[in-house]
Structure formats: C-alpha cells, structure tokens
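Visitor: Chains as they are written, first to last, in the numbering used here: chain A, 1 to 272; chain B, 1 to 212; chain C, 1 to 260.
Do not take every clue at face value.
Claimed, not checked - Just a sample of chain C residues kept apart from chain A, beta carbon distances all over 12 Å, derived: (1) Val-26; (2) Ala-27; (3) Arg-52; (4) Asp-68; (5) Gly-89; (6) Pro-109; (7) Gly-149; (8) Leu-171; (9) Leu-254.
What the hints assert, rightly or not - In silico BS3-like pairs for lysine-lysine, Cα to Cα no more than 27 Å straight-line: (10) A:Lys-79 with A:Lys-164; (11) C:Lys-32 with C:Lys-93; (12) A:Lys-139 with A:Lys-164; (13) C:Lys-260 with C:Lys-233; (14) C:Lys-260 with A:Lys-164; (15) A:Lys-139 with B:Lys-29; (16) C:Lys-124 with C:Lys-155; (17) C:Lys-124 with B:Lys-61; (18) A:Lys-4 with A:Lys-269; (19) C:Lys-32 with C:Lys-260; (20) A:Lys-79 with A:Lys-139; (21) B:Lys-90 with A:Lys-139; (22) B:Lys-29 with A:Lys-164; (23) C:Lys-233 with C:Lys-252; (24) C:Lys-260 with B:Lys-29; (25) C:Lys-124 with C:Lys-93; (26) A:Lys-265 with A:Lys-4; (27) A:Lys-79 with A:Lys-27; (28) C:Lys-36 with C:Lys-252; (29) A:Lys-270 with A:Lys-4; (30) A:Lys-79 with B:Lys-99; (31) B:Lys-99 with A:Lys-139; (32) C:Lys-155 with B:Lys-61.
Derived by calculation from the structure, the hints in this document are not laboratory data. A virtual CB, placed ideally from N, CA and C, is assigned to each residue, including glycine.
Read off the chains here:
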Amino acid sequence: MWQKLQNIDRRIIYTLLLIVLFVPMAKPLGIPLSVNETTQTVFDTIEALDPQSDTVLFVLDYSVGGQADVHPQAVAVAKHLGRRGIKTVMVGFVTDGPMFAEQIIAELGDRFTYGETVINLGYMSGGETAVKSFVEDPKNSFENDHRGNRVANTPIMSGIETIKDFSYIIDFQTGAPGYQDFLRQLPAGFPYAAGIVTVCVPNVIPYYNSGQLHGLLQGLRGAAEYEVVLGEPGEGAARMDAQSMGHVVIIAFIVVGNLAYFMTKRSVKKSA
Amino acid sequence: MRRGVPLAIVFIVGTLLLLNYFVANDTLKATSTNLVNWGVIVSAFAVGLASVNLVRIHINKISRQRPGWINSVALVATMAIFISVGIYTKLNPDNAGAKALFQNLFDHSYSPFGSAMFAILAFYVASASYRAFRMRSLEASLLLIAAVLVMLGNAPIGELVWDKFPVISNWLLRVINMTGQRGIAIGVAIGGFATSMRILLGFDRGHLGQGE
Amino acid sequence: MTMINGTFFVLAALLVYGTFIIGVLVATRSGKFTPKIRRIAALDSIEEAVGRATEMGRPVHYTPGYGDITSSTAPQTFASFDVLTYVVGLTAKYNTQLIVTCKSPQSFPLIQELVRQAYLASGKPDMFQEDTVRYISDAQFAWAAGVLGIFNREKVAANIMIGYFMAESLLFAEGGAQVGAIQVAGTGNLAQTAFFVAACDYTLIGEELFAGGAYLSQDAVKLGSLGGQDYVKLATMALISVGTLLATFNSKWLVDLMSK
Chain A
1 MWQKLQNIDR RIIYTLLLIV LFVPMAKPLG IPLSVNETTQ TVFDTIEALD PQSDTVLFVL
61 DYSVGGQADV HPQAVAVAKH LGRRGIKTVM VGFVTDGPMF AEQIIAELGD RFTYGETVIN
121 LGYMSGGETA VKSFVEDPKN SFENDHRGNR VANTPIMSGI ETIKDFSYII DFQTGAPGYQ
181 DFLRQLPAGF PYAAGIVTVC VPNVIPYYNS GQLHGLLQGL RGAAEYEVVL GEPGEGAARM
241 DAQSMGHVVI IAFIVVGNLA YFMTKRSVKK SA
Chain B
1 MRRGVPLAIV FIVGTLLLLN YFVANDTLKA TSTNLVNWGV IVSAFAVGLA SVNLVRIHIN
61 KISRQRPGWI NSVALVATMA IFISVGIYTK LNPDNAGAKA LFQNLFDHSY SPFGSAMFAI
121 LAFYVASASY RAFRMRSLEA SLLLIAAVLV MLGNAPIGEL VWDKFPVISN WLLRVINMTG
181 QRGIAIGVAI GGFATSMRIL LGFDRGHLGQ GE
Chain C
1 MTMINGTFFV LAALLVYGTF IIGVLVATRS GKFTPKIRRI AALDSIEEAV GRATEMGRPV
61 HYTPGYGDIT SSTAPQTFAS FDVLTYVVGL TAKYNTQLIV TCKSPQSFPL IQELVRQAYL
121 ASGKPDMFQE DTVRYISDAQ FAWAAGVLGI FNREKVAANI MIGYFMAESL LFAEGGAQVG
181 AIQVAGTGNL AQTAFFVAAC DYTLIGEELF AGGAYLSQDA VKLGSLGGQD YVKLATMALI
241 SVGTLLATFN SKWLVDLMSK
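Based on the sequences and whatever the hints tell you, model everything.
Guide: What follows is the structure in structure tokens.
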C-alpha cells in the first residue's frame with residue numbers, strides 16, 4: 001500500500017484539487033486575513049494624494065494568463081482612485097493591457113469621467129525600449145488614445161509634460177516589461193509600486209526591502225488585502241478561500257508522499 | 001563586410017544609448033529617442049515576419065493534410081478573424097459594433113483560454129511538489145519545511161490555525177530568501193553585463209551565425 | 001555637455017568592471033591566462049539527452065524561453081544561443097530531429113539563421129527544414145499551449161530549456177515529464193528555478209547559464225569573459241563588505257558616493 005501511495009496517479013491529485021478549489025468558490029468560507037505592510041503602503045500613498053493636483057500613471061502590464069492573480073489588484077486600486085477622484089492615466093506595455101483598461105473603465109464607469117479623470121492611452125510596443133521612450137517623453141508618446149481620441153485634446157493630459165508630472169506610478173504586471181524595466185528607466189527614487197503574481201514574490205521582495213519599490217501587492221492575496229483595507233470586498237477576497245484550500249490539499253499530498261516514502265524505506269530495511 | 005556592418009551598427013547604437021543615460025545633451029537625447037522609436041518599429045516588423053512563418057508552416061500542413069491539420073485550420077481561421085476585426089476596429093474607431101465585437105472576442109475567448117492555461121499551473125504545482133518534495137536528505141528536508149511554512153503563511157487558513165505562520169513566512173521571504181536571491185541576482189547581473197559587453201564590443205559574434 | 005546627477009558612480013563602475021572583463025578576456029585570448037571551469041552536470045547531460053532521443057527515434061525540443069533580444073532578458077537569450085548552437089551540432093552528429101520553439105518574434109529570424117548556419121557548419125544543411133524553428137505566439141500562454149501540443153503530438157524524448165523563463169517553466173517541465181522526456185533546464189529568473197529543480201532532471205542555476213557557451217565550446221573569448229566575471233564578483237563582494245562595515249558604524253560615506 002505504501003508503495004502505491006508513493007506514486008499516486010496524477011489524475012487523482014488533479015480531481016481532488018479541482019473539487020477542493022471549486023467548493024469554496026461556489027460557497028465562500030469567509031476566512032479572515034491580515035493586511036501586509038507592503039499593501040498598506042500602496043493604500044496609504046493613494047489616500048494621501050490630492051485629487052486637484054495629483055495624477056497617477058496606472059500601468060497594465062499583465063497578460064490574460066496572469067489576470068487571475070493581478071486583475072483583481074488592478075480593479076481594487078482603480079476603485080480606490082475612482083472613489084477619491086484621482087486623475088488616472090492608463091497605459092499598457094503588453095498587448096493585453098488596453099483591453100483590461102477598457103474592462104476596468106466599463107466596470108467602474110460611474111467613478112470616472114473619460115478624458116477628465118481617466119484615459120486609456122493604449123498599447124506601446126517594444127518592451128523596455130517602449131518604457132524608456134515613454135519615460136523620456138510621456139506627452140508625445142501617444143497621438144491618439146485607445147479609443148481614437150486625440151490625446152492632446154483631453155483635459156487629463158493637459159498637465160502632463162514629463163514623467164515627473166505623475167505623482168505615483170503603479171504597475172500591474174505578470175512578466176516583462178515589469179518592475180526591473182521601470183526601475184532602470186525611471187529617475188532614481190521615483191515613487192513606483194508594483195502589483196505582481198504570487199510566484200514572483202521571492203524575486204521582488206529584495207527591491208521592496210531596499211526601498212526601490214514604494215509598495216507591493218503580492219498576487220491574489222495582495223488584491224484581497226487591498227479590498228479589505230478599502231472596505232470593498234471583491235473578486236480577490238472571494239477567491240482567497242479557494243487558494244487556502246488548495247494549499248491544504250498540496251500540503252496533504254506532500255505529507256502522504258513523505259509518509260509513504262519513509263514507510264517503504266522501513267519495510268525494505270526490515271526485509272533486508 | 002557581412003558581419004562588419006551589423007557589428008558597427010550594434011556598437012554605435014549601443015554606445016549612443018549608453019551615453020544618453022549618463023550625459024545631458026539635447027542632440028544626444030533626440031538621437032537616442034529616435035533610435036529607440038526605430039527599435040519599436042523594427043520590433044513591430046519582427047512580429048509580422050514571425051507571423052508569416054507561422055502561417056506558412058500551418059498552410060503547408062493543411063495543404064498536405066498532415067496529421068492534426070484540423071488544428072492548423074483552427075489556428076489560421078482564428079488568426080484571420082482577430083486580425084481583421086482588430087484592423088477594422090482601429091480604422092473605424094466610431095463603429096460601436098466592431099468595438100464591442102473586438103472586446104467580446106477578447107473577454108469571452110482569448111481571456112478565458114489564457115486563464116485556463118494559467119489555471120493548469122495549480123494542478124502541475126500539486127503533482128510536481130508531490131513528486132519532488134521528499135525528505136531524502138537534510139537539504140531536501142529544509143526545502144520542504146520552508147515551502148510548507150511559506151504556503152501556510154500565505155494562505156489565510158494558516159493564519160487561522162496559528163497567527164505566527166504569516167510572521168514566519170514573512171521572515172523566511174524577507175531574510176533567508178532575500179540573501180540567496182541577492183547573491184544569485186548579483187551573479188546573474190554580472191553575467192548579463194559581461195555578455196552585453198562582449199556583444200557590444202564585437203567580441204562575441206555567435207548570434208550572427210557561423211559563416212563568414 | 002554635463003553629467004546627469006546620480007550617474008557618476010554607475011559610469012565609474014561600468015568602466016572599472018568593463019575593464020576587468022575585457023582585460024581578462026584579452027589575456028585569455030592571447031594565451032596568457034586560462035580560466036578553469038568546474039564541472040557543470042546539467043551541461044554534461046545535454047549529450048546524454050540527445051543520445052537518448054536518438055535511441056528512441058524521437059525529436060529533441062529546444063526553447064530559449066520567454067526572453068527577447070531587446071530587453072534586460074537579452075543576455076540570457078544570447079547565452080541560450082550558445083547552448084543551442086551546441087545542441088544543433090549534436091543533433092546533426094546523431095541525425096536526430098530538432099524542434100526549436102520561440103516566443104519572441106524579434107529573436108525568431110536570428111534563431112532561424114543561427115540554426116541554419118549551425119547545420120551548414122556541421123555538414124548537414126538538409127537537416128534544416130522550414131518547421132525546425134517554429135514561432136508559436138508572442139502571447140505567453142498561447143506559446144505555452146503550442147509547446148505542450150508539440151510535446152504530446154510529436155512525443156519529444158529530450159526537452160532542453162535554456163534562457164529566461166516565466167510562469168510557463170512549470171508547464172513545460174511537468175508537460176515534458178508527462179511524456180517521459182529527459183529534461184535539462186536553466187534560467188536566470190530565480191522564481192522559476194525552483195520549478196525546474198522540482199520537475200527536471202538537470203538544472204542550471206543562476207549565472208551557470210552564462211557559463212554554458214564557454215563550457216561547451218571552450219572558446220577563449222567566452223572563457224576569458226567568464227574569468228573576468230569572477231574578478232568583478234570579487235570586487236563587488238569587497239564593495240558589499242566595506243558598505244556593511246561602514247553602515248554598521250553609521251557612516252553614509254559609501255551610500256553618498258554611490259548616489260553621486
């Protein structure tokens with residue numbers, strides 16, 4: 001039996017995991033969670049901005065693949081910006097970015113006025129090269145926005161001459177371009193925060209500790225934490241229960257595998 | 001000549017962009033911005049070139065009815081639909097129907113397919129960790145214990161069981177993990193720097209092919 | 001023409017580190033210095049992987065990963081090209097089919113040319129076919145789905161993944177394990193290294209990736225560059241030690257110098 005438990009068919013693992021993930025999504029358990037300091041920093045910074053004078057650059061650098069982790073973060077932060085009436089300039093350096101921007105604007109339409117408090121500039125091709133180009137000249141990087149309006153005619157962009165006219169940059173990302181590209185291209189010490197996929201957390205933490213990142217939303221948990229601190233529960237909080245249960249199943253399989261490994265080893269020793 | 005010209009272009013463009021990072025000069029900045037913009041345009045052309053290869057391979061597969069040719073039909077058809085709707089929407093920004101169709105294609109086909117691929121990761125993490133995390137040695141045991149602690153610290157259920165799990169997880173990430181990460185990251189950065197220097201100065205020509 | 005504030009130290013470091021690397025490289029090329037590289041099991045295993053694919057009569061799959069040639073991931077992509085050249089040579093030697101899949105449209109023509117010429121140099125130009133190098137998609141998971149499809153349809157026996165990888169790393173590594181392929185992987189992206197270690201047979205960790213070209217070709221330029229990197233690392237370690245010591249005694253001298 002122990003031998004069998006050492007090599008459980010992967011289809012059994014997948015089925016069990018599927019069930020355990022599905023149940024809390026259908027009927028959330030409401031497990032409470034604490035708010036990480038890295039998330040609180042982003043919230044506090046946005047809370048301190050002045051709707052009259054401050055503009056935020058809202059970068060959507062995530063692809064459809066990682067949206068499950070990052071899109072709820074972007075929605076939560078956009079809700080906050082919209083609620084406070086902070087001018088929000090959306091831009092994407094990955095192809096999917098502008099589409100997600102449209103989704104967010106459509107979802108939060110009542111909190112923003114297009115052209116005045118929000119704009120979707122669209123996608124700029126070229127990866128880090130494009131980031132560099134935008135940082136050097138944000139005013140002239142886009143002639144028309146994603147909807148075909150002339151950028152120069154929009155009130156929201158009238159006060160933007162250089163990158164320093166943005167008070168805060170928050171970049172939601174799943175890969176490249178991402179935090180490293182921005183940190184290399186932005187002026188040193190520029191207030192820049194990142195929303196990342198969970199798997200990248202170990203990689204990105206050193207940049208937060210060194211002070212180069214002015215805030216960090218860590219995967220789906222980061223979204224859930226932001227929703228908690230904002231007082232508007234959404235997608236992130238709802239999915240955290242499923243993530244919790246998924247972790248439990250993975251740990252259970254690791255324990256079973258190890259138990260079987262030791263018991264098999266012991267029986268082999270005994271028979272020898 | 002065949003190699004000399006590309007090497008000279010790499011050297012001149014690379015040096016100008018590097019100089020622009022260090023020196024404040026309007027002419028240099030304008031030249032550098034132009035070069036960067038050209039880079040963006042060349043990148044866009046590369047997408048076209050690569051797409052031609054993709055279409056050629058799949059048209060070839062369809063015309064010869066090779067095994068799995070039906071998949072190629074799906075690929076070419078989907079590509080054609082997305083490209084035509086995308087271009088039409090760009091050329092007619094006031095056409096609400098076309099815009100809605102494009103957004104719907106994104107929201108209801110492209111986006112769920114991408115998410116499905118990402119979701120597979122959860123299953124693969126489960127099977128890979130079940131297979132790989134065995135306490136075969138001291139190092140493997142430490143790896144396993146750290147992984148379990150971080151998982152428990154990140155999942156709210158761990159916090160519910162013991163409120164110190166997030167503290168331990170945070171400490172592992174911000175102290176133990178960070179030291180290793182920084183060490184290896186510095187090594188990778190130096191490796192990257194050396195490779196870039198070799199290419200910029202023309203010492204490394206492997207990427208230009210082996211023939212003269 | 002004036003220096004931009006805060007870039008003086010970076011320029012100084014660039015010049016000093018650059019001099020170290022080029023100095024050792026030139027010394028190695030002229031035969032005055034020969035750096036020795038320790039054994040790297042993952043690189044040694046590539047021939048075994050290609051050999052196994054040959055015995056089974058199934059193809060070898062190679063991918064340089066998510067990275068491209070125009071961003072910070074470029075050095076890892078170029079390092080991957082060195083290993084790819086070696087793999088092309090091996091597949092030519094053993095007459096084994098090679099499939100190279102790529103995500104980056106920018107690197108695609110470069111890879112195509114590199115593989116074509118490597119086959120030509122190995123005396124087997126006919127082994128290069130139109131579908132030897134395949135551009136799949138610039139979208140991460142469309143590319144991943146395409147590669148997994150190739151694994152399953154063409155039953156690859158060896159899967160070599162060297163370069164910059166993101167979330168697709170585990171999809172490829174588990175997908176490869178499921179079709180029973182022998183797998184060699186390496187990336188400078190540490191978040192993904194853990195997945196490769198868990199699911200692959202051999203893994204290159206961090207900067208070992210950059211040693212690939214030198215180790216496999218024993219080319220003097222690459223060996224010299226690798227030797228130079230070690231001196232740069234020593235200098236960096238010294239800088240870190242001095243910085244730690246000064247910070248312990250509340251001195252901001254080095255921090256101030258670095259921000260000049």
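Visitor: For every hint, state whether the structure bears it out.
Guide: Against the structure, the hints:
no., hint, result
1, Val-26, "holds (29 Å)"
2, Ala-27, "holds (31 Å)"
3, Arg-52, "holds (22 Å)"
4, Asp-68, "violated (6 Å)"
5, Gly-89, "holds (30 Å)"
6, Pro-109, "holds (17 Å)"
7, Gly-149, "holds (16 Å)"
8, Leu-171, "violated (10 Å)"
9, Leu-254, "holds (15 Å)"
10, A:Lys-79 with A:Lys-164, "holds (24 Å)"
11, C:Lys-32 with C:Lys-93, "violated (33 Å)"
12, A:Lys-139 with A:Lys-164, "holds (11 Å)"
13, C:Lys-260 with C:Lys-233, "holds (22 Å)"
14, C:Lys-260 with A:Lys-164, "holds (20 Å)"
15, A:Lys-139 with B:Lys-29, "holds (15 Å)"
16, C:Lys-124 with C:Lys-155, "holds (24 Å)"
17, C:Lys-124 with B:Lys-61, "holds (24 Å)"
18, A:Lys-4 with A:Lys-269, "holds (18 Å)"
19, C:Lys-32 with C:Lys-260, "violated (37 Å)"
20, A:Lys-79 with A:Lys-139, "holds (25 Å)"
21, B:Lys-90 with A:Lys-139, "holds (21 Å)"
22, B:Lys-29 with A:Lys-164, "holds (17 Å)"
23, C:Lys-233 with C:Lys-252, "holds (23 Å)"
24, C:Lys-260 with B:Lys-29, "holds (21 Å)"
25, C:Lys-124 with C:Lys-93, "holds (9 Å)"
26, A:Lys-265 with A:Lys-4, "holds (13 Å)"
27, A:Lys-79 with A:Lys-27, "holds (25 Å)"
28, C:Lys-36 with C:Lys-252, "violated (39 Å)"
29, A:Lys-270 with A:Lys-4, "holds (18 Å)"
30, A:Lys-79 with B:Lys-99, "holds (24 Å)"
31, B:Lys-99 with A:Lys-139, "holds (26 Å)"
32, C:Lys-155 with B:Lys-61, "holds (18 Å)"
When the structure is compared with the earlier hints, violations turn up for hints 4, 8, 11, 19, 28 and for no others.
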